[in-house]
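Engineer: These protein sequence lines are chains A, B, C and D, in that order. Note that the numbering used here numbers the first sequence so that position 48 is 77, with each residue one more than the last. Note that the numbering used here numbers the second sequence so that position 136 is 749, with each residue one more than the last. Note that the numbering used here numbers the third sequence so that position 301 is 341, with each residue one more than the last. Note that the numbering used here numbers the fourth sequence so that position 112 is 1158, with each residue one more than the last.
Hints may contain errors.
Unchecked claim - Simulated crosslink set (PhoX-like; lysine-lysine; CA at most 20 Å straight-line):
no., chain 1, residue 1, chain 2, residue 2
1, D, Lys1121, D, Lys1215
2, D, Lys1554, D, Lys1406
3, A, Lys55, B, Lys725
4, D, Lys1554, D, Lys1423
5, C, Lys195, C, Lys139
6, C, Lys370, B, Lys640
7, D, Lys1207, D, Lys1121
8, D, Lys1502, D, Lys1604
9, B, Lys640, C, Lys132
Worth flagging that the hints you see were computed from the coordinates, not collected in a lab.
Each chain is listed here by its residues.
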Amino acid sequence: MNSIIPYLIVGAIVFVLGIFTIVYKKNAVGILMGVELVLNSVNINFIAFAKFVDTGIHGQIISIFVIILAAAEAAIALAIILNIYRMKATVDVTQLNKMKH
Amino acid sequence: MEMQEVLFYAIMAFTIFSAVIVAFANKLIHSAFALLFTFVGFAGLYIYLSADFLAVTQIIIYVGGILVLILFGVLMTQDIYDVKAIAAHNPLLLSLGGGAFTAIIIAVLISKKPWFTLLNKEFAPTTATIGKLILYEYLLPFEIASILLLGALIGAVYLARAEDKDK
Amino acid sequence: MEPILKLFTDLLPGLSQLPYWLLATLAALIAALVLFGFIAVFALFAIWLERKISAHMQDRLGPMEVGGWHGWAQTIADTLKLLMKEDIIPEKADRILFKLAPMIVFSVSIASFVVLPWSRDFIPADLNVGLLYILSISSLAVIGILMGGWASNNKWSLYGAMRSVAQIVSYEIPISLSLITVILITGTLSMQGIVQSQQGNFLSWNIFHYFPFMFVAFVIYFIASLAEVNRTPFDLPEAESELVAGFHTEYSGMRFAFFFLAEYANMFIVSAIAATAFLGGWLPPFSFLDFIPGPFWFFGKALFLVFVQMWLRWTLPRLRVDQLMYTSWKVLTPFSFVLILIVSFWQLLTL
Amino acid sequence: MITLALYIWLLPLLAFTIQIFLGKRLPRKGDWVSVSAIGISFALSLILFIRMLSNYSPDFQVTASVPWINIGQFKIDMGIYIDNFAIVMLMVVTTVSFLVHVYSIGYMAGDPLYNRFFAYLSLFSFSMLGLVLFDNLFGIFVMWELVGICSYLLIGYYFEKDSAANAGKKAFITNRIGDFGFLLGLLVVFTAIGSFNLSDVYQGVAQGKLSGGLLTAAGILLFCGAIGKSAQFPLHVWLPDAMEGPTPVSALIHAATMVAAGVYLVARISFMLSFDAMLVVAYIGGFTALFAATIAITQNDIKRVLAYSTISQLGYMIMAMGVGAYSAGFFHLVTHAMFKAGLFLGSGSVIHAMHHAMEKTNVHEDPNDIRLMGGFKNKMPATYITFLVFTLAISGIPFFSGFLSKDAILGGTLAFAMSQSNPVHYLLPFFGFTAAIITAFYMFRVVIKTFYGEPKRPDLYEHIHESPKVMTVPLMVLASLSIFIFYTLPSFNPISAEQGWYEQLIEKPASAVSAQLGYPVLEISEQIEHSAHVNGMMISILFALTGIALAFLFYFWKKVDVEALTEKIKPLYTLSYHKYFFDELYNATVVKGLLAWNNLLAWFDSNVIDGIVNGSAFIMRHFSSFTGKFDLGFIDGLVNAVGDLTQDVGQSVRKIQTGQVQYYILGALAGLVLIIVTVLI
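With the rest of the complex left out, here is chain A (with noise of 0.2 Å):
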């Protein structure tokens, strides 16, 4: 724990399974909780080289603005996933294919 190297394989474990999530879960809003788990891991991150690195606090400034637009996204992609589960009675992205082709 002194040292930044548990921190960063935290992050990068939780950056992996979030990734895993986005590409896994077929339902919208588990999509999205993994967008959550990378956006945390990337805050780790920052947070991490804060401490380790001699450059102020800015880490801390930059995880502060992730989580605000952590929290933009989120309120966003709910509110179109809603509207998508109005319209078709489905939030499974598979079959919102109507980009295709």
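Given the coordinates of chain A, work out where chains B, C and D should sit on it, guided by the hints.
Structural biologist: Relative to chain A, chains B, C and D alone:
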């Protein structure tokens, strides 16, 4: 101080384990609730990184805001009475392949360290520093972010009220 | 952690022989037990109080039989009944989440006690983000409630949970905003710091600061905190006449007791925050009363607010859902925004 | 102190912003926003003023500035400069502005553009306060233009009336001529000294960076701005027409504050006026004072009389600046602001009453015409008494403020003339004293015709009523401010303000030109000054009383047959009545000349320039018809080939587009791996 170290690795394991549940759980609602523990675990790690303000913010916004939104999303798009509903998944191998790709990239990147000279800063309260940084150095991004949030708010309300358009 | 450990080694010097980790674990366990004991006893007392207050307000006797003197043992009997009850998990419930929910809700309540300042020296942990910590912790409870409501697999439970969540999330905004005015004045997030900045007699308490604006902030906080802990007139989530018993309809026995305890603990916590942020915490109203220890004042103020909550419960009727949302979004939130503007402007002027 | 000044300055801007965007939706159309903003500004100025009095130091000054433009070596700072001068000016502006705001609530009630009127007033207050506060000439110029805009907007406030719209344009264009001079002056100053900041300019002039003829030129050019804004002699034509605007506007902008801005500017730049420049200033001012006064005698529109009187009084101030009696001139600015604003508001009250009477009786005539009035003193006692106080003040009768300041100016001019060897300079006191008689005469002419005698139109007279409290109370406040005690405290001497706070605190600014030359530009000994003052006072009291007596002889007792006298001096009367034909003169020379020049340009444009354009177009057309053929055959073929190829490729590749986001993400990941692998290897 080894107590703290034990606790640290426990939190780490806890975080990763709940993230694994998020990724692999069969029921979407389980993923969503597992996300709670991931977020809280991350907040714990932030405390170890002496980012007390960030830890608290993480819980307020991620748990109090985003997770609630996600839960509402799940509850509104799933059949509520069908607790057993299993989430459909894409082919596991393909997804694992994607994960593996990412893992390789990150492993390579981490192994290329060190990028910077590393040091270990003492704990110091960060709230005041963050406040000052946001209001002086990062004022423009901060204002832009607030406008973005306002836009997102209005956009989300508009989208969610879409059914009124037909009337 | 350190002050508690110091307290322990001071009380029992022999303990310092133990390895650090064991000592820490022991201390944590004991602290948790003490807290649990406190919550349990407080809940017992509060339930009895509530019964008696309601009885007095409706001009009736209330429980008079059990235990002899004014039915003082009534709640103990109730508790025993609760503990003895069969623990039921509905067949179609989601078992894991069903079991997890009360734990989350209860542990969240306990976690809030960490930063309550009881006196000048006695505070479990004086975090420098104390007030934010409490706000963040209280948002965790939302998830527990949603979990319980969903896992029960019962329409009423889910409605109750949904209502509860919508209500808590909405009312968290006026709560945070009115507390921000306090933060603006005191310039610190630490609970001890907030109390210490109100040093002096009762006129220097935050509630009388910038009169009458901070008083309005206090009123906003108090109203919103009623909603936050689902008390009347905002007890829609468990409106008996509509939703049976809200999100904990399906719970019984010990699990139900957890929800119950958490509810009473939350009542105490919001009152304690109000006492800390607006009423000077453990400070006596006049400085010559300094000889009375801090916990007395702190507990007294918090208990007085708890009493007001009970008083309101038997005075005011329940709101409709739309009125509830109206109150939060169109009355309390704008007002607290205006208060923030006024307070910060005032501060700028007197800079 | 700076913060306080900033609040004073910016509050009206805030009110303007609120008014212009939300005014219509606010209750009462938001008049309370503007009124309370200027009210707070007024209260804050009062605080500043009291601080100044308790400080009681003539050298008091505070500055603060921030960098504004910063390009390499080129730096301009913007800042605020507060001294006693500025504080008194702030006080005057906020007082008059506040009272006019209050008055307007009554006067403008029911107007369809009520909220916009208040928005303009707020914008004007903001710009005027900025003009007072800025520490550099450029900032002053910016605010100068802003007040010009406000003046334009408010003169043309009833823009559906042609005359109002034209008056607005006239004011704007006439001011442009003066401002052009101002701008040139700024350029001269900046080229020579490299800064707009007043204290830098002072240093620069003192060190001789700007000297000789150029210094005189710079002074006169900057003074051109004042000529335009303060309606001095050649550019005075806009001010009488500006009376088309609502009367409160006339009081605030065209009597008390904006037109005084020119005087304020001259006072601010007085340190850099060389002797020649001062002579120009003095003669223009003196001539304007007399010239405008002679026009005022024959006018029948009550507001026009006041307008010419304003021009004349401004001439006094400018003349005072020119003869080096800065504090006297500035003093007259302050007192004049009070009583002239009062006169306008009083006339507004009369016009308001007339207007309502005409509406009642369905008469369509000019409500401003004094020939239709008479005997109003019984119907409108409050307006009458206050109007009389203002008139006494402007005529220069002892115990009133106007006497103190006018006397100081006349004394100053007399001292100037006595100290110069050239007897021609006795023209200046001549201008001043003659104008003083005429002023007293025409002001009492207005008073007698309006308030005394028999009503000329009994049908209207019956419907005349006193104005509402919201209009008369400002009048009373202004009337009390026109009494001597406010200016002579603490000495309480009705004849001289010498021991009063004003003369103690406002000192003649040190001249940088003197510092540069090494000897004073203008030297007037104590003895001369004293004797001039005493003599001037005697003469001015005598002259004022003469003027009043004449007015009563002519119009009240009717001892002299005015009609017959007019017939006798018909040519002079016609000249005065038609304002010396200045409008016609400008029309014949400037406007016609410009039109002719424009016609020439138009001919050149349509014949020469168009010919060239047409010729080149002819050549281009033939060339392009050739390239068109090449384009069709060769280039299009190539393009089509590319298009076909793309279509074929697209047909085969589009099958990759599954429409599923996740596959795209996988693709992106694969690409990322590829990039990293290539980078690492």
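Engineer: Could you run down the list of hints and mark each one as holding or not?
Structural biologist: Each hint, compared with the structure:
Under the criterion of a C-alpha separation no larger than 20 Å, the hint pairing Lys1121/D with Lys1215/D is inconsistent with the structure, at around 35 Å. A C-alpha spacing of about 54 Å is found between Lys1554/D and Lys1406/D, which places the hinted pair above 20 Å, so the restraint is violated. The hinted pair formed by Lys55/A and Lys725/B fails the criterion: a straight-line CA distance of about 35 Å is larger than 20 Å. The straight-line distance between the Cα atoms of Lys1554/D and Lys1423/D is roughly 42 Å, outside the 20 Å bound, and the hint therefore fails.
The suggested pairing of Lys195/C with Lys139/C holds, with an alpha-carbon distance near 18 Å, which does not exceed 20 Å. About 38 Å separates the Cα atoms of Lys370/C and Lys640/B, which puts this hinted pair outside 20 Å; it is violated. About 46 Å separates the Cα atoms of Lys1207/D and Lys1121/D, which puts this hinted pair outside 20 Å; it is violated. For a cut-off of 20 Å, the pair hint linking Lys1502/D to Lys1604/D stands: about 15 Å separates their Cα positions.
For the hint linking Lys640/B to Lys132/C, the alpha-carbon distance of about 15 Å falls within 20 Å, and the restraint holds.
Figure legend: structure checked against the earlier numbered hints; hints not met, in rising order: 1, 2, 3, 4, 6 and 7.
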